[in-house]
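Participant: What follows is each chain in one-letter form.
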Amino acid sequence: MRLMVEARNLRKTYKRHDGSTIEAVKGVDLEIRQGEIFSLLGPNGAGKTTTISMISGLVEPTEGDASIGGFSITKQPMDAKRLMGFVPQEIALYPDLSARQNLAFFGRMYGLAGKTLSRRVDELVEFVDLSDRQNDRIDTFSGGMKRRINLAAGLLNSPPLIYMDEPTVGIDPQSRRRILDTVKLLREEEGMTVLYTTHLMEEAQELSDRVGIMDHGEIIAMGTQAELTQQVGEEDRLEFTIGAQEVAEALLERIQQETVGVTRILHNPPEQLSDESSESTPSRLTVFAKRGRTALPQIIQNLDAAGVEIQSVAVREPDLEAVFLALTGRALRD
Amino acid sequence: MRSILTIILNDLKIFFSQRGNLPGLLVIPVLLTLVIGWSLGQIGGDSGPTRLRVDLIDLDQTELSSELIDDLRAANDALVLCPQDNDADDYCRLDEEPLQLERAVERARSGSSSALIVIPAGYAGALEGFERVDIDYYSLSDPLRPDPVRQSLDAVLQRASSASMTTGVAGALLDNLTSAIELPPLAAETRAGFLRTLYLRSQEMLTEQPAPVRFRVADTASDGEDGSMNGFNQSAPGMGTLYVMFTVLGGMAVLLRERRQWTLQRLVVLPLSRAQILGAKIGVYFSLGMIQYFIVFAVGAAVGMDFGSNPSALLAVMAAFVLCITALTFSLAPWITSEGQARGLVLLLSLSLAPLGGAWWPLEIVPEFMQTIGHLSPVAWAMDAFQDLLWYDGGFPDVLPEIGVLLAAAAVLFAVGIRSFKYE
Ligand SMILES: Nc1ncnc2c1ncn2[C@@H]1O[C@H](COP(=O)(O)OP(=O)(O)OP(=O)(O)O)[C@@H](O)[C@H]1O
Ligand SMILES: [Mg+2]
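Residue numbers (my numbering), protein chains in the order written: chain H, 1 to 334; chain B, 1 to 424.
There's no promise every hint is true.
[As the list claims (entries may be wrong)] Straight-line distance between alpha carbons at most 35 angstroms, and here's what the computed DSBU-like set of lysine-lysine pairs gives:
#, chain 1, residue 1, chain 2, residue 2
1, H, Lys-26, B, Lys-13
2, H, Lys-184, H, Lys-26
3, B, Lys-422, H, Lys-15
4, B, Lys-422, B, Lys-13
5, H, Lys-290, H, Lys-184
6, H, Lys-26, H, Lys-75
7, H, Lys-75, H, Lys-115
8, H, Lys-26, B, Lys-422
9, H, Lys-26, H, Lys-15
10, H, Lys-26, H, Lys-115
11, H, Lys-115, H, Lys-290
12, B, Lys-13, H, Lys-115
[To be verified] Computed spacing ranges between beta-carbons, pair by pair:
#, chain 1, residue 1, chain 2, residue 2, range
13, H, Asp-129, B, Glu-424, 50 to 60 angstroms
14, B, Ala-302, H, Gln-76, 51 to 61 angstroms
15, H, Gln-76, B, Glu-424, 52 to 62 angstroms
16, H, Thr-140, B, Leu-5, 27 to 37 angstroms
17, H, Ala-226, B, Lys-13, 23 to 33 angstroms
18, B, Glu-424, H, Gln-245, 54 to 64 angstroms
19, B, Leu-345, H, Asp-65, 35 to 45 angstroms
20, H, Gln-231, B, Glu-424, 49 to 59 angstroms
21, H, Asp-136, B, Val-35, 36 to 46 angstroms
22, B, Ala-302, H, Pro-173, 26 to 36 angstroms
23, H, Thr-140, B, Phe-294, 31 to 41 angstroms
24, H, Gln-76, B, Val-35, 20 to 30 angstroms
Honestly, the hints are just simulated from the structure, not real lab data.
For every residue, glycine included, the Cβ atom is placed at its ideal position computed from N, Cα and C.
Isolated chain H (complex conformation):
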């Protein structure tokens, strides 16, 4: 299988304003095969954008290198960049220009001109379903529409490889659906290789052939979804939302010992959401159990007896969330 992207020991150390340093990416190895959708899944600040920036030539790695279709991004950046499209996490468009003007400008930078250019722009506004708004200024667009033009701008040169950095951030469910479908379409119809980053497990799950789970600047697990979920075994995950209350350690220990199949219990105490608001996240209990549904009644009984108020319960089959939880002890979305 041909490798489209091959990164070795990528490292990036940033200097902060106060002179201290932060290691945003700590030695990442990455292999993305031709024609696959590869997701980088990780919470905010995990280092996804920094990684993409390094393998796209935007940021120079402090250490390491990546080759794109055989071209080193640090030594042959022009050849490497010609192979890739880039959909940044920010809406990287000129707000004062129309959608069409934006696309035409970036298209010209790829050397397109005249009829070829205008045909390509036509295709793309059609592709993201914004033909009727193409002559409106970007700053009059909704978030979802901006995202779609942002995506179209990454496709101008019909690249064999595209990076999409959280392309669904901050948009409504319909626009999100549309973008996810677009990604699948690109792979199926154009045979594109896609590197997709997200902090949403559902997106990674729906799209990817393979997933890299990232946390604190490192890829902590990588493989197909099946390979990854196997790492956490056959366990189901029982998620209890229990309101803002204390839970005695002794109670948790008792549940783990007395209930058949329970292997582990995680307790996430309530968190203050921000300094100003009095709101806080509800406290959460996560119970890992071999046959979750069988174990459930007894756990509820135990909690009830101890006076713990249960607001909701969910039973989850093994998934990427469980992998992240198992590896880091934290939930992905926190």
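With chain H's structure known, arrange chain B with the ligands on it following the hints.
Facilitator: Below, chain B with the ligands without anything else, positioned relative to chain H:
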């Protein structure tokens, strides 16, 4: 190269599509140019920044020598001849002491007078006898540069010499005629009277003709139209220079915005080299600066500003200054962290460097130490060069030093700016 042009054109398109940019580019500088040009024209005569103190020692003391003096006054009423034309305020700074040759030479050498003209004894006789005569001229001014006093003197002397040549030729002709056709010899007195009339007449005719050397000085406010025109010669370059700073330095905020909105980063991931991107961005602000100059100078042209006769030298000065300010913009841009901070810095820099360097009023009217300090501002060098070109109709060689200083400053600032330019 095509990519660079495409980026420049795109950025200019964006600049002009933002209506908020137009007052600063068009309306305000145009208004200020007109208002300031007009007011400078009005006050020019009173404050007389370019009245010139010229010592004149007449050792001949004849009718012809005093005619020469009158001619000098007429040729350029900016000249204050000392001690002849000293005023009640002692503009000549004579301190009621006589002006001896020795003292006058000392004054010219130290620059406390603009020039010293010495009319030698025997001037009239030499002129009448059509002989060579030397008028001594002392001045600190660079012999290569147009010097208003010397130009006036040249013009006057040329007329005197031409007139005396006329009489010389006429005298010879007269003598030949009388001997050839055996007319009775003329009485000496009649002959002298005849030649004298001829001299005066030819002087008169030469004066009526357009003078071979024309000279203009700022403060001719007695003559209204001329005065305001000269005002625009100060205000158009001044306001152009000030607004070039506003417009070009404003690029600091735009470069920050382009990083914030990630359009700069998108350029970086395109198959473009960093040099191309940087070159294009420099090109954008350089173009904007030149456009700003053209706008203000176009207004100047419409109200009769004088551009001198050296458009290429003028363009070179404009380009050197715009390049210098572009470099300043790029050297500061990496340290900018908010648009508000950028705006504050633009105001601070423009409003301190412009008056310091003489964009609002000519530097000649401020004390000498302020003129020296003023030359820390690139504006002063640009204004000096404009003055050479617009007032004194200088050429390339006259403005080369100023262009050199501006380009050297640009090189240093670019070195700083390019090294620390932020692409993300
Ligand atoms: N230019 C920078 N200077 C200093 N620190 C930076 C810079 N860019 C990123 N970082 C830090 O590096 C770490 C990783 O950031 P990065 O943007 O790569 O994360 P991410 O996974 O993309 O997060 P998100 O989901 O929020 O986009 C963060 O702690 C961030 O604060
Ligand atoms: Mg990110």
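Participant: Is 54 to 64 angstroms respected by the C-beta to C-beta distance linking B/Glu-424 and H/Gln-245?
Facilitator: Violated, at about 46 angstroms.
Participant: Quick one, are H/Lys-26 and B/Lys-13 close enough, alpha carbons at most 35 angstroms?
Facilitator: Given that 35 angstroms is the threshold and the Cα spacing comes to 42 angstroms, the pair is violated.
Participant: Just to be sure I understand the hint, the distance between the Cβ atoms of H/Thr-140 and B/Leu-5 should be within 27 to 37 angstroms; is that true here?
Facilitator: The hinted range 27 to 37 angstroms holds for H/Thr-140 and B/Leu-5, with Cβ atoms some 29 angstroms apart.
Participant: Given the hinted pair H/Lys-26 and H/Lys-115, is their Cα-Cα distance within 35 angstroms?
Facilitator: violated (46 angstroms)
Participant: Return holds or violated for the Cβ distance of H/Asp-129 and B/Glu-424 against the range 50 to 60 angstroms.
Facilitator: Since H/Asp-129 and B/Glu-424 have Cβ atoms about 31 angstroms apart, the given range 50 to 60 angstroms is violated.
Participant: Would the pair H/Lys-26 and H/Lys-15 pass a check requiring their Cα atoms to be no farther apart than 35 angstroms?
Facilitator: holds (15 angstroms)
Participant: Kindly confirm whether 49 to 59 angstroms is satisfied by the beta carbon distance between H/Gln-231 and B/Glu-424.
Facilitator: violated (35 angstroms)
Participant: Range first: 51 to 61 angstroms. Now tell me if the beta carbons of B/Ala-302 and H/Gln-76 are that far apart.
Facilitator: holds (55 angstroms)
Participant: For the range 35 to 45 angstroms, tell me whether the beta carbons of B/Leu-345 and H/Asp-65 fit it or not.
Facilitator: Since B/Leu-345 and H/Asp-65 have Cβ atoms about 39 angstroms apart, the given range 35 to 45 angstroms holds.
Participant: Can the restraint linking H/Lys-184 and H/Lys-26 be considered satisfied, given a maximum Cα separation of 35 angstroms?
Facilitator: holds (30 angstroms)
Participant: With 23 to 33 angstroms as the target window, see if H/Ala-226 and B/Lys-13 comply at their CB atoms.
Facilitator: Violated, since H/Ala-226 and B/Lys-13 (Cβ atoms, about 52 angstroms apart) do not stay within the stated range.
Participant: Given the hint that H/Lys-26 pairs with H/Lys-75, test it: the Cα-Cα distance must not exceed 35 angstroms.
Facilitator: Between H/Lys-26 and H/Lys-75 the Cα gap is close to 21 angstroms, so the pair holds against 35 angstroms.
Figure legend: structure checked against the earlier numbered hints; hints not met, in rising order: 1, 10, 11, 13, 15, 17, 18, 20, 22, 24.
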